[in-house]
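Asker: Protein chains in written order, with our numbering: chain A, 1 to 153; chain B, 1001 to 1739.
A few of these clues could be false.
What the hints assert, rightly or not - Here are the simulated distance ranges between beta carbons:
no. : chain 1 : residue 1 : chain 2 : residue 2 : range
1   : B       : Lys1303   : A       : Ser118    : 51 to 57 Å
2   : A       : His53     : B       : Leu1563   : 58 to 64 Å
3   : B       : Gly1585   : A       : Thr120    : 21 to 27 Å
4   : B       : Asp1698   : A       : Arg64     : 55 to 61 Å
5   : B       : Arg1471   : A       : Thr120    : 31 to 37 Å
6   : B       : Arg1231   : A       : Asp14     : 42 to 48 Å
7   : A       : Thr120    : B       : Pro1487   : 50 to 56 Å
8   : A       : Thr120    : B       : Ala1044   : 42 to 48 Å
9   : A       : Asp14     : B       : Ala1295   : 54 to 60 Å
10  : A       : Lys112    : B       : Leu1206   : 57 to 63 Å
11  : A       : Asp14     : B       : Asp1107   : 25 to 31 Å
12  : B       : Lys1497   : A       : His53     : 47 to 53 Å
13  : A       : Lys112    : B       : Asp1592   : 35 to 41 Å
No lab work stands behind these hints: they were computed from the structure.
No residue lacks a Cβ here, since even glycine has one placed at the ideal position from N, Cα and C.
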Amino acid sequence: MMQLTINGIPHELDVDPEMPLLWVLRDILGMTGTKYGCGEALCGACTVHIDGHAVRSCVTPVRRASAKAVTSIEGLSPDGNHPLQRAWTEMGVPQCGFCQAGQLMTAAALLKKNPRPSPTDIDRSLAGNLCRCGAYNRIRAAIQKVADEAKQP
Amino acid sequence: MTLSRRVFLESLGLSVGGLLIGGGGKLWAQTSGLSPNVFVHIAADGVVTIVCHRSEMGQGVRSTLPAIIADELGADLTQVRVLQATGHKKYGDQNTDGSSSVRRRFDDLRMAGAVGRMMLCTAAARRWGVDAKTCTTEGGFVMHTPSKRQLAFADVVVAAARLKPPTSPNLKPSHQRRYIGSPTLPLLDGPAIATGKAVFGADVKLPGLLTAVMLHPPVLGSSLASYDASRALAIRGVRHVIALPTPQPPYKFQPLGGLAVVADNTWAAMRGRKALVATWSPSDNASYESSSYRAEQAETIRKACSVVRSRGQADEALGSAASRIEAEYFMPHLSHAPMEPPTATAHVRDGKCEVWAATQNPQESQNVVAAATGLAPTDVTVNVTLLGGGFGRKSKPDYVGEAAFLSQKIGAPVRVQWTREDDIRHDYFHTTSAQRLEAGLDGEGKLVAWRHRTTFPPIASLFTDGAALGREGELAQGYADYPLDIPNVRVENGPSKAHVRIGWLRSVNNIHSAFGINCFIDELAAARRVDPKAQLLEVLGPARRVTLEELGVEKLPNYGHALEEYPVDVARMRGVIERVTAMAGWEARTQDRERGYGLAFHKSFQCQTAIVVAVKKSRSGKIKVDEVWLAADAGLVVNRERAQAQMEGAVLFGMSIAMYSEVTFKNGVAEQLNFDGYRLARMPDAPRAIHVDIATNDERPGGVGEPGVPPVAPAIVNAVFALTGERIREVPLSRAGVV
Ligand code: FES
Ligand code: FES
């Protein structure tokens, strides 16, 4: 039995400790907001937070998340009103939307660590998150907007 | 008008996380209310439901098509429920492909709304004792402006439902439109996407659902010779290993065959696949090797080929020209790589099959499932989820057939999940092309001859085994339809045999035609020492509508439209070139010491697009796309905000093509497997700014999903020349080490 805390809710699971966290979330717990895009830490679609750090859940065995706090897109905010989520909708960031949970989770971890990122900081942090639809300019602008707004008194 | 008047019968709402997808139940058949056609339902309480019959893959179709209907109906779009259609002929063509959803269905959908409006108006007019012609609808109300009266839809809908739908509804004048052409239409699925609630192909949940991962034959045309599944079956969670039938050419949309590992969860299925031992029969396609194939293609275009288009005497004029300019261009295979790899869920039971699939083509999915299961297509219900990207890949439902076959075999619901490696290695690849362009100048330096040869394994080979020449429709993408104001023109197509499945990828053959033509025009400009913009305008010639005779063809597919309806209009082409060069400050570009500027223009899917790219060198000496300007004229654009997003995305899509992406083959097997080998543009590659200008006019609507792509790669290559003087004739640029 494995203890896992996801979005503040504890779970007790009978799974192979080597199963990647991605598949535990999606297939065992039915939390499908976290996406499979490559399985090799190459696209970022599966990004979640473990103790506040952005990790690629497709290459993270679930044992490494046990006894830690896992946050997935479903838990990024209680009601979808994280400033990034609001900016995403207001600025029309998503196209197909498939990469966006991963983009949001990476961006949220960045802003937590670095609330005033430079354009280069944003590019570097998000470089591991592919968007085949090419929404990069709007993703970038939305992160910048949230950072700028947080700066204001 | 092609609307069926049958009441909408099949439309359950399986509301999963905000995405209302169709199903087997009856949503409104028993409820009273107005169902003037299959696209619209107004319930007795006034709630308006609009059916979106096309697939959402990022182009915003679910935000756009309902807006067209809502506008004519006079509904309040913010209150409309959007129901995703299942696959059914009653909706007409549902294949979400060819940038056609608005272009081909604009009139139909307006009619669908207008019929409802007229019925509501007639019912209200009777109540008021006024002429229905003096009534209109807006924001969910019927209005009688002369007497300042209004009634909510809910108050008249029951009476309206008793009326006969009008046979020839009239449409609202354009000044009464609230949504069509609005720059601020809401993005329907935005909130669901931003909160992780949106339902994509792999997100469908059913009790007892099993997951299958496929082991396809490594080379097209080989089949399973023997296998040992014992190690796979020993893995915890693996339930079945099942062999699939071997497809026969032409491959069309048939599943590829091979083995499926079916398990309780995806990870077990993936591990099971790794543990399989299989041997495969030989295939002729194992000889496919990209570099030798490229050499063969180069040979092909150096000899006379089949004539696509001819005017004057190009061969003779080239022979007697005072000077000649010639160049050859090459592009590799590409993989669609939609962000969500192909996936579909099927449940076969009681002689019927229900499918939930990320598919661009639900009706073709019905056919593929029918072929895989022996059921009738009408016994197959296809629910369409959000697609997670399509780009043409998901209009080919081979993976849907796999899911249905396996579900029938096992007697349980099965989801097939392609891995990224499956997706890249077993794609319906964008073709690989070689082109040779030659121009002849007379003694005064005037352009008198143009010969353009192209060869590429065609999409035709997917449907006709052995086809090596492009079909008319393929060649009408930038080859047959490009205006050339030159007296002697000849365009030819040489044979290339396909060794892999060839499919259409976002903007299709326009990718290579635009690359060849735009790069060559830039070379002509350099050779003749004229401004590339002036050279481009000279080749296109003066503002005019180009005739078939001038093109030198007998007919033109013209993306399915009559030439009168959608002319080849050089004035509009020149318009976007003027617009984009003005935006980019083209005339002053030589004062920009840091950056090189490249220009390209292309028309496809009835949209003209011109692009200027400014590139610079990074500190490490690599080329970086710094800024992009794009001007498009797609006629009337319904959803301007999403059209702009499509154009921005097209720039990045084109950048991947120009800079990084290629699939090469060795021994018939793709050498790239995942995003390390098959590289795409990433955020640090994105230009500092992409400036998009979309023309505002009332011309017939053109496409917007694809037309931004073709001019991107040539504009980049031309910009690299402007910056460095280096002429690159082959992409991706990563090959030459410049990016
Ligand atoms: S799925 Fe984990 S990085 Fe791509
Ligand atoms: S929005 Fe489609 S992949 Fe990013």
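Asker: Would you mind marking each hint as holding or not holding in the structure?
Answerer: A quick look at each hint next to the structure:
Between Lys1303 (chain B) and Ser118 (chain A), the C-beta spacing of about 56 Å keeps the proposed range 51 to 57 Å intact. Remark: the range hint 58 to 64 Å for His53 (chain A) to Leu1563 (chain B) is upheld by a beta-carbon distance near 59 Å. Roughly 26 Å separates the CB atoms of Gly1585 (chain B) and Thr120 (chain A), a value that falls within the hinted 21 to 27 Å. The supplied range of 55 to 61 Å is met by Asp1698 (chain B) and Arg64 (chain A), whose beta-carbon atoms lie about 59 Å from each other.
Checked against the hint of 31 to 37 Å, the C-beta distance between Arg1471 (chain B) and Thr120 (chain A) comes to roughly 48 Å, which is inconsistent with it. Arg1231 (chain B) and Asp14 (chain A) have their C-beta atoms about 23 Å apart, which leaves the hinted 42 to 48 Å range violated. Between Thr120 (chain A) and Pro1487 (chain B) the CB atoms are about 53 Å apart, so this pair conforms to the stated range of 50 to 56 Å. For the pair Thr120 (chain A) and Ala1044 (chain B), the supplied restraint of 42 to 48 Å is violated, since their beta-carbon distance comes to about 58 Å.
In this structure the supplied range 54 to 60 Å holds for Asp14 (chain A) paired with Ala1295 (chain B), their Cβ-Cβ distance being about 58 Å. The hinted window of 57 to 63 Å between Lys112 (chain A) and Leu1206 (chain B) is violated, with their beta carbons roughly 37 Å apart. Between Asp14 (chain A) and Asp1107 (chain B) the Cβ separation comes to about 58 Å, which falls outside the hinted range of 25 to 31 Å. Distance hint for Lys1497 (chain B) and His53 (chain A): a CB-CB separation of about 51 Å, consistent with the stated range 47 to 53 Å.
In this structure the supplied range 35 to 41 Å holds for Lys112 (chain A) paired with Asp1592 (chain B), their Cβ-Cβ distance being about 39 Å.
In this structure, the earlier hints numbered 5, 6, 8, 10 and 11 are contradicted, and the remaining ones agree with it.
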